[in-house]
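Engineer: For the record, the sequence lines run as chains A and B.
Note that this note's numbering has the first sequence beginning at 431, numbered continuously upward.
Note that this note's numbering has the second sequence beginning at 431, numbered continuously upward.
Note that these hints are calculated values from the structure, not bench results.
Quick caveat, the model's predicted, so the values are computed rather than measured.
Cβ atoms here follow ideal geometry from the backbone N, Cα and C, with glycine treated the same way.
Take the hints with a grain of salt, since some may be wrong.
[Unchecked claim] Label-pair distances were calculated between CB atoms; the ranges are: (1) G483(B) <-> R476(A): 54 to 62 Å; (2) F569(A) <-> R707(B): 54 to 62 Å; (3) G671(A) <-> E747(B): 54 to 62 Å; (4) R458(A) <-> R707(B): 21 to 29 Å; (5) G472(A) <-> A600(B): 37 to 45 Å; (6) L714(A) <-> Q541(B): 38 to 46 Å; (7) E601(A) <-> G483(B): 48 to 56 Å; (8) R458(A) <-> A715(B): 18 to 26 Å; (9) R534(A) <-> S598(B): 36 to 44 Å; (10) Q708(A) <-> R458(B): 38 to 46 Å; (11) G472(B) <-> Q708(A): 32 to 40 Å; (12) R534(A) <-> E528(B): 27 to 35 Å; (13) E528(B) <-> Q688(A): 37 to 45 Å; (14) R592(A) <-> P687(B): 36 to 44 Å.
Number of protein chains: 2
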Amino acid sequence: MRLDGRCQTPSLGELYLPIATDLAETRRILADELTTGQEVVGRLCRHVGQFHGKLLRPGLLLLSAKACGAVRDEHHILAAVVELVHLATLVHDDLLDEADIRRRAPTVNRQWGSQQAVLMGDFLYSHAFALCSQLDSQFAAQLIGRTAITVCEGEIMQVANRGNYELSEAEYLDIIGRKTATLLETCCHLGAAYAGADQKRLDSLKQFGRSLGIAFQITDDLLDLVGDESEVGKSLGRDLGQGEPTLPVIHCLRHSPQSRRQRLLRLLAGDYPRRSRQITALLLASGSITYAQTAAREHSYRARQALDELPPSAARESLEALAEFVCSRVG
Amino acid sequence: MRLDGRCQTPSLGELYLPIATDLAETRRILADELTTGQEVVGRLCRHVGQFHGKLLRPGLLLLSAKACGAVRDEHHILAAVVELVHLATLVHDDLLDEADIRRRAPTVNRQWGSQQAVLMGDFLYSHAFALCSQLDSQFAAQLIGRTAITVCEGEIMQVANRGNYELSEAEYLDIIGRKTATLLETCCHLGAAYAGADQKRLDSLKQFGRSLGIAFQITDDLLDLVGDESEVGKSLGRDLGQGEPTLPVIHCLRHSPQSRRQRLLRLLAGDYPRRSRQITALLLASGSITYAQTAAREHSYRARQALDELPPSAARESLEALAEFVCSRVG
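Chain A on its own, in the form it takes in the complex (with noise of 0.2 Å):
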C-alpha cells in the first residue's frame, strides 16, 4: 500500500533498466545454485523461489556497482548470495512469525512444516556461503560472514525485547539497524568495492544502504500496522501479536499524558487481533503513526543526500528513486 500520495515513485522495472541483464544473470545462478539431485529438496527450492519478489537486496548491489563504474562477473555472483541470505532471513523469520503467507503463497513453515522450514532458512545460509566461496578473495566471504552475525543478534535483541515497552528510540533504531540496515549497506557495500570504487564513493554508498535500510524497517513496521494484508501479500499485524516494540508505540508511550499512555498498555496486554484497530486509532491519535512516517522520510533523505559524492547515472537515479520507492511502498 501507499502510506500517503506523497510518494510517487516510478515501478520497480523501470529502476531496474540500468542493470536489467544483470539481474537476468543474477537469477539464473540462483538458479543454477538452487538445482539440487534430491527431489524433496528440489521440491522445496522451487517453492523458495517464488518469494523472490523486489530483488532489492541484488538490484542494490548491481545499481551500486554500475553507479560507481562498470558491473563484473563477481557481482552477479554476490547479488545471487545477497538475495540467498535474504530468503534464509525471510524463510526464518516466517517461522518466527507463525506467518501463514509470504508474496501470496504459502510460507514454508505452513506447508511443509516448522521442521522444514528450520533446514530449508540454513540450507540457503549455506548455498549463500558456498556460492560467495567461489570469489577469487575472501574479502566478500568475510564481509557476509561478519554482516550475517549482525544480522543473527539485531533479531536475537529483536525477540529478546519482546513485551518491553520500555525499549527506548534509540534502542529501536540500533536492533533495526542490526537487523536491517547491516545487509542493505553491505549491498552497496560490495556494489561498490568491487566496482574499484575509491574510498569517498564507497562510504558514501554504504551511507546510503545504511540510512535506506532504517526507512525500510520503519515503514516495514508501519505497514504491518496499518497496511492492506492483500497488497502487501503477506501476513500482517504481527508485531502487535508478538508485543514488538516498534516506533509508533514507543513514541505514544514516550510522548503521551500519562491517561493515553495507560490506556495504550492496556490495549497492548490485551487480546490480538481484537483490540488492533483501537491501538492503530491512538497511534493515529497521538500523531505517532506521523511521526514513524517521518523519521522513515527522514532517513530516505538522508540516503539519498549520501548519493551526492556520486557522478550523474541512470544507476545513481535509480538509486534516488528506491530510496523514495522504500518509504512509499514496502512488501
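Please build the complex by placing chain B on the supplied structure of chain A, with the hints as guidance.
Structural biologist: Relative to the frame of chain A, chain B by itself:
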C-alpha cells in the same frame, strides 16, 4: 552407556593426548569468536558453551593433521569452524526434536524458546563461515559451505521420511551419510589437506571419516532406542516418537515374518512413549538390535582399515581408538 562389553576403549582425554595443546588453542579461538558486546547474545553464547562435549570434530581434524604431518595455525582455526558448524546443527536439531536436555543442561529451545533457538543456530553458522573466511585461501570455505549444504539435504530428507516405514536400508544409509558422515569426512579431509598429505593419505582419511560417521550415527540411533538418558546426557527416545525409521526398525520390517511385521507397525503407530519398551523388546527378539550393532562395528572396522595407508604414530593410534569409541559410546 556401553552397548556391550566388547569395545573397551581408553578415555577421550587419553586419545586426545597427541593434540592436547592444539585442542586448548581451538577452545581459545572458539571462546574469542563467541565473545560479543551484546548482553543477551552473550548469555546465549555462554549457554551454548556448555554443549562442547567430546569435541569429536575438532579432535578428528587435529588428529588427522598430526597423523599426516604437523598441526598448523590453520588447523586450530578450522577445528573451531567445524565445532561451530556442529554446535549450530545441535541447537537446531534440539529444536526440531523438541528435546529438553543436552549435555545435562537445558536445550536452548527449552530455556530460551524456539525463536531464540532458530536465531542462535543461524548465529553459530554465521560465525563458522566468518571464521573460515579468515584463512588465506577459499579451499576450506568452499568445502565447509558444500558440506553444510549436504548436511541440510540429509536432514531435510530425514524429516520428509518420518513415518515412511518403506524406507530401505540403502536410503537410510544415504540419509545418515549426508547428515552425519559428511561433516566427519570433511574434518579428516581438512586436517590432512592442510598438513600437506598426498592424495593416497588424503583419500584414506576421507574414507576413515566417512565410515566412522556411519558407525557413529547407527550407534547414536541405537542409543536413542536402548540408551539411558541419565548416562547419555540428552533426551532419548525421540526417533520412535517422531516416526524416524532407523536401522533396527528397517531391518525388522524387512526381515520378519508377516505377523511380527504387522505387530511392529501397530506398535509404531501407537502412543509413544507407552509402547517404546514393547518395541525395543520386539527389536531385540527379532535380532534387529544386534544387526544394527554389527553394522556399526563393520563400518568402524572399515574406518580402521582405511588408516593402514598412514605411517604408525600416536595420532593414528588415537584415530583407531576413536573408531572403537564411537561404536561403544556416543553422547
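Engineer: Against this structure, judge whether each hint is valid.
Structural biologist: Results of checking the hints against the structure:
Range check, G483(B) to R476(A): about 38 Å between beta-carbon atoms, so the 54 to 62 Å window is missed. Hint check: F569(A) to R707(B), Cβ distance near 57 Å, so the stated range 54 to 62 Å holds. For G671(A) and E747(B), the Cβ-Cβ distance of about 59 Å falls inside the hinted range of 54 to 62 Å, so the restraint holds. Look at R458(A) against R707(B): about 55 Å separates their beta carbons, and that is not inside 21 to 29 Å.
Checked against the hint of 37 to 45 Å, the pair G472(A) and A600(B) fails, with Cβ atoms roughly 20 Å apart. The beta-carbon spacing between L714(A) and Q541(B), approximately 40 Å, falls within the hinted interval of 38 to 46 Å. Remark: the range hint 48 to 56 Å for E601(A) to G483(B) is contradicted by a beta-carbon distance near 36 Å. Our hint of 18 to 26 Å for R458(A) and A715(B) is violated, since their Cβ atoms are close to 57 Å apart.
Between R534(A) and S598(B) the C-beta distance comes to about 39 Å, which sits within the given range of 36 to 44 Å. At about 55 Å, the beta-carbon gap between Q708(A) and R458(B) misses the expected band of 38 to 46 Å. Range check, G472(B) to Q708(A): Cβ separation about 38 Å, and the 32 to 40 Å hint holds. Between R534(A) and E528(B) the beta carbon distance is about 31 Å. The supplied range of 27 to 35 Å therefore holds.
About 44 Å separates the C-beta atoms of E528(B) and Q688(A), a value consistent with the hinted range of 37 to 45 Å. Checked against the given bound of 36 to 44 Å, the beta carbons of R592(A) and P687(B), roughly 56 Å apart, lie outside it.
Hints 1, 4, 5, 7, 8, 10, 14, counting from the list given before, are not met by this structure.
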